[in-house]
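**Q** Each chain, letter by letter, is given below.
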Amino acid sequence: MGARAKGLGNSSTTLYDGWSIFNNVGGISGVENGTAFFGFDKYAAVEGFDKIAAGVIHPFSFGNVGVSVYRFGDESFNEQITSAAFGNQMGFVRLGFKASYYQMSIDEFGKTGCVYFDLGGIVELIPKLSFGTYISNFTVSKLNNVERSKLPVVMKVGLAYTPVEQLRWNIDLVKDVDYDAALKTGIEYVFLEKFALRTGLNTGPFKSYFGAGLYLKRFQIDYAVGTNQPLGTSHQLSVSYHYQKGDEK
Amino acid sequence: MKNSTFFLFVFLILGYDSWAQHEVTEKLDFERIIEKLLPQQEVEVDYNDLYDRLFTLYSNPLDLNKADRTDFQSLFFLSEKQISGILDHREEYGNFLSYFELLSIDGFNEEVVAQLTPFVTIDLSPRLPFKTSINHPENHELFIRYQTILEPKKGYSPPDTTNSGELTSRYSGGPSRLYARYLYSKKGYYSFGFTTEKDPGESITWNPDSKRYGMDYYSFHAMIENVSLLKRIIVGDFSMDYGQGLVFGSGIRIGKGMEPITTVRRNNLGLRPYRSVYENKDFSGVAVSAKAKYFEMNVFYSGVKRDAVLRRDTIDESDNYISYLQTIGLHRTISEIDAKHTTDDRSFGGNVNFKTGNNKLEVGLNRIYTEYSTALIPVRKKYNQFEFSGTDNHVTGGYVNYYLKNAHIFGEVAVSKSKGKAISAGVVASLSSQLQTSIHIRDYDKNFHSFHGKAFGENSRIENEKGIYWGMRILPVSHLELTTYMDFYSFPWLKYQVDAPSKGQDFMVAANYLANENLNLTLQYRNKTKEMNFTEGEFPLVQIVPKTTERFLLDVSYLMRSGFSTKTRIQHSNVSFNNKNTNGFILAQDISYKKSDFSISARYALFDTDDYDNRQFIYERDLLYVYSIPFFYNKGVRYYMVFKYDFVKQVSFWLKFAQTNYFNVANIGSGLEEIPGDTRSSISFQVRFRL
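So the sequence lines, in the order shown, correspond to chains A and B.
No gaps in the numbering here: position 224 of the first sequence is 224 in the numbering used here, and each next residue is one more.
When you read off a place in the second sequence, starting at 1, and then add 1000, the result is the number in the numbering used here.
Quick caveat, the hints were computed from the structure, so don't treat them as lab data.
A portion of the hints provided could be inaccurate.
DMTMM-like, lysine to aspartate or glutamate: derived pairs with alpha carbons at most 20 Å apart [what the hints assert, rightly or not]:
#1 1635(B) with 180(A)
#2 1635(B) with 176(A)
#3 1211(B) with 1197(B)
#4 1528(B) with 1620(B)
#5 1187(B) with 1068(B)
#6 1547(B) with 1458(B)
#7 1154(B) with 1138(B)
#8 1154(B) with 1678(B)
#9 1635(B) with 32(A)
#10 1293(B) with 1071(B)
#11 128(A) with 1517(B)
#12 1186(B) with 1071(B)
#13 1066(B) with 1166(B)
#14 1530(B) with 1611(B)
#15 1186(B) with 1068(B)
#16 1291(B) with 1225(B)
#17 111(A) with 165(A)
#18 1382(B) with 1531(B)
#19 142(A) with 1678(B)
#20 1635(B) with 75(A)
#21 1580(B) with 180(A)
One chain only, chain A, in its complex shape (with noise of 0.2 Å):
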């Protein structure tokens, strides 16, 4: 989740911000300020497929503390998620560990539910590139009341190259156990200080993303588009609040 990430094709291993939460806990260590976020996503054509997720990471002497909630779906089919993680930067490497509860409800059959863990990393390997490595449900959890209900083991690794400041490669390999592995990528440029524009591709299926974003001091907005035959375009608003300034902290 989040524009950023969406816009850069969810090649999303390596960033380090507020979002981390949901597509690599290790990354929420990489938050400064206290940051409150929210965002949604919904395809032009389709009904049912909405998302909708917020968060607030908060720094501690200790580390980051984050919470998130995020929901898939309508009222005949959604999944919930609620999360409760914490990250730390020890040197080179940004290391996040993460709590969730997901539950899952359809309208004739009911509601399930179960509680899985995911583990997330980030290491600057030599100046200019980082990598970066993500398991969610690395406990294998079922669902409860449900006979071989394994939610999915997603592993992903990814490396991020800058060459300059205002300039970022990502490249992602995103493994479901259930699914064939994808290679996901995306650019993202940054000019004149405030303005971002990004763009992405994965293999298997194909896929192609753009997005934009605006760096304000407080705030930060991001929006991306998604093409995904044959569910067509999909759209993504994504708002971040700093409500620590960087002297409060």
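Use these hints to put chain B onto chain A, whose structure you have.
**A** Okay, now just chain B, sitting in the frame of chain A:
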């Protein structure tokens, strides 16, 4: 000559520890080298033995001032140019007093020296009298290990009763693997050792009728070295390597891997004690090696008990015979226990080796005579009609090693009792500091029989194969290493599941980039083709169709100063056979942390393969001396944690917990090995006492 600040700089980079410390065991270097050397795994072969031998080789450092060319070759990672450099330097300037001197030799840089130092030592003290040395062993240690699977396998459940009232087969013992090893040794002086093991399913019982005496497996050796003309005397289990392995070749059968140059030749490692737990030991008996000036002579007598099912001739009910030897060493069920140690393998043989004074030329002769106590008569099929049949065999081979500048030319020709011949020959050369190459040819007759040989090739036995191999290593710029090999082979006669003469080729290309001392990137691509039987529907004619396996590997390892290290590995495979394509994939993330007396290493891996052909072999950290390259297929996750702690200097403790969790299977394994459910967990621990 380089200046002293440079030396100081190198000294700081390499760290003082690496000069003094010879415990290679915890070194990443060792794992890297082993991983490079080990044959690319594609069949279920137990490489524990090979690992064990390499480990023994590497954990006994060579004396930089005494080691000869063969000793240096046995390290596998030095080029001919580098070895010549060391020997010439020694000749010209006398003994090495410090490792820094290596840096003045052409072909050595900090990386090479850093890689070499854990495996060599400089010992300028005079030779000790035997009586004094016996009280000062180099190694004096005892290992005790326990491993078990936590889920109950079917083989350990109570037996069912069949319709005829018989009980179904079950394992006689418990699910644990127990192992102990004791070693008292000093390199160049003596070695005394003892190994014992019980595999999962085997019982600890005293029952001479079924040849069970407590533990299931024992191995021991006593060796004394360098007593006047006698180079070595071994009583107990031993192995021998001379020539190119056509007659004598021990478990160190390194095949094609990421190291394309030095692995094509076999080294004259000579007589060595056998310490492995691999139950199909080479020899057991008495062996003597004597040396006089240019000549060296080895003779031995060995009697090893092998496993085989005894069969009785149905027409003439007089004699027993066996149709094949079992080599896995498992004695769990009644039928496996019945086959235990039924056949004696009595061998008598030797070797004469001549070396010229300038060490440029070496020639030798190998001969072995082997007799089985029971006739070996294979069940006749079309493909195996040239295989050995009978009770006795002899093999004779002659070999040569010739050194010309930075090239090593080697070869061996052998003939067995059947008149079948085998040739293995090649050249390993450093054309410049940046380019090394190797060429190897092999031609093994379909009726060549060698029971104790192991030579370069595709087949596990030295028979029915012709091939030409070419390998190359290029160091185009510093920190970048490119390696490649091509191997073309043919099998002039039929093989198991190949009903016609067949052929194939194997191609590999790899790049290794050491970005800095902490970051290492490896990329490898391999493409291998072999022909296999294929039958289409009910059409009765068997066709021979090529089967191509492509394997891709990406590995990123990163070492942090804080003691943390991470490693990410991605492997992908694609198998195409008769217009059908299948894929396999594994992604593994490792993280390790190491402090002086404590280390922990963990992995999380996710695998997804279409079929067994695409199973993914992946190297795992394990307890010290346990080699593990498990393979995975189906869909699932694999994770483990290995923990090591040194209580005191003399006592170290290892613990490993591992689990595999499948997404698309209801039960794991089949037959007596079947585990109900989708999870398989193992736990193992080990203690080492250094006395």
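**Q** Give a verdict on every hint.
**A** Going down the list of hints, with the structure as the test:
no.	hint	in the structure
1	1635(B) with 180(A)	holds (11 Å)
2	1635(B) with 176(A)	holds (10 Å)
3	1211(B) with 1197(B)	holds (15 Å)
4	1528(B) with 1620(B)	violated (24 Å)
5	1187(B) with 1068(B)	holds (15 Å)
6	1547(B) with 1458(B)	holds (15 Å)
7	1154(B) with 1138(B)	violated (45 Å)
8	1154(B) with 1678(B)	holds (14 Å)
9	1635(B) with 32(A)	violated (39 Å)
10	1293(B) with 1071(B)	holds (18 Å)
11	128(A) with 1517(B)	holds (17 Å)
12	1186(B) with 1071(B)	holds (17 Å)
13	1066(B) with 1166(B)	violated (65 Å)
14	1530(B) with 1611(B)	holds (18 Å)
15	1186(B) with 1068(B)	holds (19 Å)
16	1291(B) with 1225(B)	holds (11 Å)
17	111(A) with 165(A)	violated (47 Å)
18	1382(B) with 1531(B)	holds (17 Å)
19	142(A) with 1678(B)	holds (13 Å)
20	1635(B) with 75(A)	violated (33 Å)
21	1580(B) with 180(A)	holds (18 Å)
The structure shown violates the earlier hints numbered 4, 7, 9, 13, 17 and 20.
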